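**Q** Listed here are the chains, written in short residue letters.
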Amino acid sequence: MIPLSHYLLVSAVLFGLGTVGVLISRNLITILMSVELMLNAANLALISFARWHADPGAHVFVFIIFVVAAAEAAVGLSLVIAIFRRKNTVDVDELNILKG
Amino acid sequence: MNLTMFSPQLLLALGGTLLLLYEAFGRENKRTLQPVCTILVLLAAGVLLWLSDGQVGLLFSGMVIFDRFFIFFATLVLLGSVLAVAVAAGSLAEQRAYHGEFYALVLFSVLGMLLLISAANLVIVFLGMEIMSIPLYIMAALRRSSSRSVEAGAKYFLMGAFASGFLLYGIALVYGATGSLRLEEIAAAWADGAGLSFVGISGMLLILIGLAFKIAAVPFHMWEPDAYEGAPTAVTAFFAAGPKVAAFAVLLRLIIWTFSISDPIIWRFVWMLAVLSMTVGNFLAITQSSVKRMLAYSGIAHAGYALIGLVIGGQAAVGLIGFYLLGYFIAAVGAFAVISALEGKQEESLSFDNCAGQGKTNPALALALALFMVSLAGIPPVAGFVAKFYIFEQAIQHGFIWLVIIAAVNSIVSVYYYLRAPVYCFMKIPESETPPAPVSLGLIFTLVFAAVALVVIGVCPELFIKLADSSAMWFL
Amino acid sequence: MLNTIWLIPVFPLIGFMINGLFGRRLTRYGSGVLGCLTVFASFILSLLAMLFLGEGPHRFTLAEWIVAGRFTVSFGFLLDHLSAVMAVTVSGVAFLIHVYSTGYMAQDERFSRYFAYLNLFVFFMLVLVLADNFLLLYMGWEGVGLCSYLLIGFWFQKDSAANAGKKAFIVNRIGDFGFALGIMLIFWKFGSVYFPEVFAAAPEMFVPGDTLVTAICLLLFLGATGKSAQIPLYVWLPDAMEGPTPVSALIHAATMVTAGVYMVARCSVLFALSPTALLVVAIIGAATALFAATMATVQNDIKRVLAYSTISQLGYMFLACGVAAFSAAIFHLMTHAFFKALLFLGAGSVIHALHHEQDLRHMGGLRKYLPATFLTFGVATLAISGFPGLAGFVSKDEILWSSFASPLGGVAFWVVGVLTAGLTAFYMFRLFFLAFYGKSRFSEETATKVHESPMSMTGPLVILGILSFVGGWIGWPKVLGGGNSFEHYLAPVFAAAEELLPHGVNHAHSTEFLLMGLSVGIALLGFIWAYRWYLRGSTAPENLKNKFPAVYRLVQNKYYIDEFYHLVIVRPIVGGSRWLWKYFDELVIDGSVNGLAAFVRQLGQAGAQPQNGYFRGYAATFALGSVAVLAWLIYVLS
Amino acid sequence: MDFAVFWIAAGVAGAAAINLIFQSKPINSVLSLVVVLFALAVLYLQLSAEFIAALQIIIYAGAIMVLFLFVVMLLNLNQDQFGSNRKPGLRSFGVLIGGTLIIEISLIARAFVSSSPTDGQVVAAEFGSVAQVGRLLFGEYLLPFELTSILLLIAVAGALVLAGKREEAQPPEERS
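Protein chains in written order, with our numbering: chain A, 1 to 100; chain B, 101 to 576; chain C, 577 to 1214; chain D, 1215 to 1390.
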C-alpha cells in the first residue's frame, strides 16, 4: 500500500509545474495546457483523498471537473482562434494594449 | 423535496436554453424581443424567489440551500442584471458587439450566480463559479472586431482559469482535511478541530484566494482593470452588478458559516486584503485617464471597504456587506450605463477628456454621472455615504479604529478622482464638439431607476438595512 | 410655529431644484426673482423663529435618517439662540447678495446656473447652522464646500479659476479629514452624535485636560482651519477670489468661511474641557490675524486685499474663541458679515464699473464717478478699522478686551490684536484712498464709460451700510453705558462652557477705558500712516524710497516719529510680509500642497508599474501573493 | 510491485509535465499532456478509481486533447514565432515561484499525513466501480450532473460567438 503522502507529493509537483507553465510560456495554447495540468493535480489530490476517506463522492466531483475542463478548453480555444484571427499570433505578450 | 424553492434557477436554465434556440431559429424582431424576454425571465425569477419567502431547506440531497440569505443576495444579483441588460439592449449593436447569444449567456451566468449563493456543497461552489464565469469570459470578448475586447476576454479567461485552479486545489485540500464536500459536514468537522489542521487551513486559504480573485481584492486583482476596460461597456456594467455580489455571498457563507472563523490567521489575512485593496485601488485610480478604468480601480477599492465587514465578522457582517454592495452596485451600474451612452460608437474607452463639455451637450447624462460619482465617493446624502458610514460605524464599535482610519483616509483621497468626471463634464471646454449621445429606452430606465434608488436609499436607508440584516437569518 | 424651522433650508433647496432643472426655460428675470424670493422666505422664517424662540432651545426632528441598532442619526434641527443668530445673519446677508447678483451677473450667459448654485449653497449653509447633530452638520459642511468649489470655478474658461477651485478642494480635504476623524472619535466615545447628548455627557465623562478630549478638539479645529482659512490651511482663500465677486462676498467672506468659528462655538463645552486646545486656537487665531494683516498691506489686487483681510478678521474670531469669549466671536462674526460683505460688494461695484479691472494701481479718483459706492464703502472701511461707534469697533473691542481680561488671555494676545488693528486701519485706508481718492489712473476711454451701478446693486450696498453702522449697537459694552444685550442673549448657549472655565478677576473700568483708547489710537496711527503715504505725501511707496537722500530733512520734520516708524518698523514689516508672501506662501505652503498632490500621483504611477499589460506579470503577481500567503501560514503554524 | 508501478507512473508524469511547459512546439506539448494523462490514469487505478481512470482516457485524453490538437493543427503554429525576445528574468522568476509552491504544498501534505491517526482505510471491492459512481451520479449528485449540461451549452454558445464564421461587420438591422 503506497502512503497517501506519495500521491500528494506527485499532485503538488504537478500543480507547481502547472503554475510554472502558466508563468513562463508565451504560447496561449501551452498556457491553457498548463491550466489543465493544475486541474489534473487537483484531481489526483481528490482521488487520493477519496481513497483515504473511503468516500466515492469525490469521484463524481472529478467527473464533473472533467466536464468543466472540457468547457474551459472549448471556450479558451475559441478565444485563441479569435485572437489569432485579429492578431495573427498566439503570443500572450502581444496582448498588451490594455494596461496602466 | 419542494421544487418551488429551486424554481428561480430552473426558470433561468430554461429561459437561457429557449433564448439560445430562439437565436438559432427565430426570425422576426429578434433584437427587440431578446432583451425584453431576458428581463422578463429575470423579473419572473425574482418573483418566484419571494413567493417562497419564509421557507427554508436543503434541496437535491443537500446540494443547495434555500434561505433568506439566498433570497436577499439573489435579489441583488437579479436587480443588477436587469439594469445591465436594459443598458445592453440599446448599446451593444451601437458598439458593434451584438451577438444574440449574449442574452442566453446572461441568463446562464445569473444561474451560476444563484447557484453560488445557494451552494451547500463545494461541488456546487465550483460548478456555480464556472457556470457564472465562463459566460463572463465570452462576454468580455463580445466585440470580436476589436482587439481590445478580445484581449480583455483572453486575459480575463486566462487569469480566471488560473485562479480556478487554485480554488479547486483548495477544495481538494479542505476535502482531505474534513472528508466531506458538504458545507454542513465541513462545518461540523471544522468545529471538531479539523480547522486546526494544517491542510484544512491552507485549503481554506486557497479557496479564499480563488474568491478574492473574483471580488478583485489586491493582490489578486490585476485582471479587473483590463477586463473592465476592454469589454463592451454594457458588459462591464453586468460585471459590476452580478459576479462580485455572488462572490461576496459565497465568501460570507463559507467564512462566517462553514469555517466560522475566529481563527487569527484568516482574520489577519482578510484584514490585509481589505487594507491593500482599498489603498492600491484608490491610488491607482487617481492616475487613470480613462473613466472606465478609473471605475475598475474604484471597484477594487470598494471591495476593500466591503471586506471590512468580513473583518468585523459574525452575523453582523452579512447585513453590512449586503447593504454595502447594494449601495455600490447600483451606482456602478449607473455610471457604466452613462459611460456606455457617452462612448457611442467609439472604440476606445471613455476618457476624461471625452467628458469635457458633456454638461452642455448631454446635461441629463452628465448630471446622472455626477450623482453616481457622488454616491461612489460616499458624500451625503446618497446611498454610498450611508453604506460607507454604516460599515465604518460598526467597525468603530467593534474596535477596529485603525482599519477605519485607513479606510477614511482612502475614501477622502477617492473624492478627488470621483469628482474629476463631473468637473470635466461641467467645467472643461471640449476640444471638439461632442455629439449628443444616443439614448435608448433601456438606458433611460436604468438611469432613472439607479438615480432614484440611490437617493431613496440615502434618505431612508432604514428599510434596506433591515432587509439586509434579515438575510443573516440563514439556514443553520 | 417653531416646528416649521425645517422649512428654512428647504426653500432655497426648492429654488435650486427649479433653477437647476428648468433654469433655461425661465427667463433671466424669472431665475433671479426665484432665487431671491426663496432666500427671502428663509430670512423671514428665520426672523420669526428668532422671535418665537423665547427661552430655551427647541429641537425638531423631521425624519430618521440612519437607524442601526442603538445608533441613530436624524434629519434633526436645533434652534437655540446661537443657531437663530446664525440663521438670520446667513439668510439676511444671502438675500442681499442674491439681489445684488441679479445686477452683477446680468450679462452672464449661465445666469440661471449661477443662481441654482447660490441657492444650493444657502441650503447647505442653513443645514449646517441648524443641524442638531454632527453628521448633519458635516453634510452641510461638505455641501458648502462643494458649492464653494463650483462657484470658484464658475468661470472655468479661465485656467486660473479652475486651478483655484482645485486648490480650494485639496486644502479643504485635509481639514475635512481631521473633522471627520474628530466626529468618529466623538461617536466612539459618546455613542451619539447629537449635540445636546454629547455636550451634556461631556463634563461627566472627562476631567478637564483629558488627552482624548484634547485630541477631539484639535481634530475639530483642524477642520475649522481648513474651512475658515487659518494657518496653515489658509492658502486657498486668496486664490478663491477667482470666482464672481458676489460669491466672494457671500461664501468667502460673510458666511461659509465663518462655519469653522460657528463649529468651535457650538462645541464650546468640549473646548472648555481642554485648556490646551483653547490655547492652540488662540495662538493660531492671533498669529493668523497678524500674519494675514501684514500680507494685506502689500497686495495690489483689490479683492486680494479683502481676502487677506478676511483671513485676518477670522483670526480675530478664533482668538476670541481661544480665550473662551465665544459670544464675542459670534458677535464679530455677525458684524464682520455686514461690513465685509459690503466691502466685497463695493469692490464688485468698482470692478463692474471699470469693466473687470481689479488692480488698485489702475484706479483712483472714483469718488466722483461712484458716489453711492464711495459712501457705503467708506462706512465699511471705518467700521472694519474700528472707528468708535460703528459695528466693527464694538465687536472688535469686545474681542480685544476679552483677550486681555480673560483668565485664558494675556497681554501678548492683546498686543497682537492691537497691532493687527493698526495694520487693518492702514491697509483698508490704503485701499480706500487708492481706489477713491487722488487722480484717476485709468485711461480716458475707460473714464467715459465708468458709471454707477444699477439700483439692484446699490440697494444692498445701502442696507449693508446701515447695518455696518448700527449693527454693533445691540452689543454696546457696559463700560460705555450699554447693556451688551447680545452677550446676554447668547449666554444660555455658552452657560455650560462658562461653568467649566475659571472665572476671571474683575478689572477696573479705567483699565478697560485705557485699553480701548489705546486701540483706537493705534488704529488712528494706521489711518494717519495710510493718509500720509497714499494720499498726501506721495501716491506710492516707491517714491518714498527715491527720497532717501533727503532723510535728514525728513528727520527734522515734525513727523519724525511717524517716519521712524516707517523706516524701522514698517519697512521691515512691509518687506518681510512681501517676503513672506512670496516665499513662505508661494513656495512653502503652495509647494507642499502641490507637492502632496504630485506625490500621490507619483505613488499611483509607481503602483501601476506591475499593471503593464502583460498577462504573465499578472499571473506572477497572483502566484506570488498565494505563495506568500502559504509561506506565512507555514511560518505561523510551525 | 505497487511501489515500482507508482514510481514509474509518477516519474513519467513529472517528466512529461516538465517537457510540456518547456517545449517550444505546441504539438509536442499536447502530446506530453496526453502522456501525463495516461500516467495519471495508472495512478487512479492504483487508488481503486477504475471509473475515473477509464474516463480520464476516454474523455480527457480522447476528447479534450483532440480539441487541442485540432486547434494546433488548424492554426498551423510553428515555434519560430517565439524564438526571439524571450524574457529570461520572468522565466527564472516563474520557476522560482513554482518551485516554492511545490515545496509549500509538499510541506502541507506531509503535515497532513503525520498528523493523521490511521494509515488509510480499507475499502470494499466495489469502491470506485462504474456501478457505484454511477449510482451516486444519478442520486446524490444529480443536480451537479444536470448542471454540467448547461456548462456544455455555454461552451457551444461561446464557441459560436467567439470563433463562429460571421461577417466581421454587423448584420444589417432586421426588418421589423
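Some hints here could point you the wrong way.
Derived lysine-lysine pairs resembling BS3-like cross-links, with alpha carbons at most 30 Å apart [to be verified]: (1) B:Lys445 with D:Lys1379; (2) C:Lys1025 with C:Lys1015; (3) C:Lys1054 with B:Lys460.
Take a look, some chain A residues computed to stay more than 10 Å from chain C by CB distance [unchecked claim]: (4) Met1; (5) Pro3; (6) Ser5; (7) Ile24; (8) Asp55; (9) Phe84; (10) Asn88; (11) Thr89; (12) Lys99; (13) Gly100.
Since the hints were derived computationally from the structure, they do not count as laboratory data.
Source: prediction; values computed, not measured.
Ideal Cβ placement from N, Cα and C applies to all residues, glycine included.
**Q** Hint by hint, say whether it matches the structure.
**A** Cross-check of the supplied hints:
1. Restraint check: the Cα-Cα separation between Lys445 of chain B and Lys1379 of chain D comes to about 23 Å, which is no more than 30 Å; the hinted pair holds.
2. Between the alpha carbons of Lys1025 of chain C and Lys1015 of chain C the distance comes to roughly 17 Å, so the proposed pair stays at or under 30 Å and holds.
3. Taken as a hint, the Lys1054 of chain C and Lys460 of chain B pair is broken in the structure, with Cα atoms around 58 Å apart against an allowance of 30 Å.
4. Distance to chain C confirms Met1 of chain A as a non-interface residue, since its nearest Cβ pair spans about 28 Å, more than 10 Å.
5. The Cβ of Pro3 of chain A lies farther than 10 Å from every Cβ of chain C, with a closest approach of about 21 Å, so its non-interface assignment holds.
6. With a closest Cβ-Cβ approach of about 16 Å to chain C, Ser5 of chain A is found to remain outside the 10 Å limit, as its non-interface label requires.
7. Distance check on Ile24 of chain A: its Cβ comes as close as 7 Å (rounded) to a Cβ of chain C, failing to clear the 10 Å threshold; non-interface status is violated.
8. With a least beta-carbon separation of about 26 Å from chain C, Asp55 of chain A lies farther than 10 Å from that chain, consistent with its non-interface assignment.
9. The claim that Phe84 of chain A lies off the interface holds: its Cβ sits roughly 16 Å from the closest Cβ of chain C, which is beyond the 10 Å cut-off.
10. Here Asn88 of chain A stays apart from chain C, with its beta-carbon at least about 18 Å from theirs, past the 10 Å limit.
11. Separation of Thr89 of chain A from chain C is adequate, the least Cβ-Cβ distance of about 14 Å exceeding the 10 Å criterion.
12. Its closest Cβ contact with chain C, about 3 Å, brings Lys99 of chain A to no more than 10 Å, contrary to its assignment away from the interface.
13. Some Cβ of chain C comes within 10 Å of the Cβ of Gly100 of chain A; the nearest lies about 5 Å off, and the non-interface call is violated.
When held up to the earlier numbered hints, the structure conflicts with 3, 7, 12, 13 and fits the remainder.
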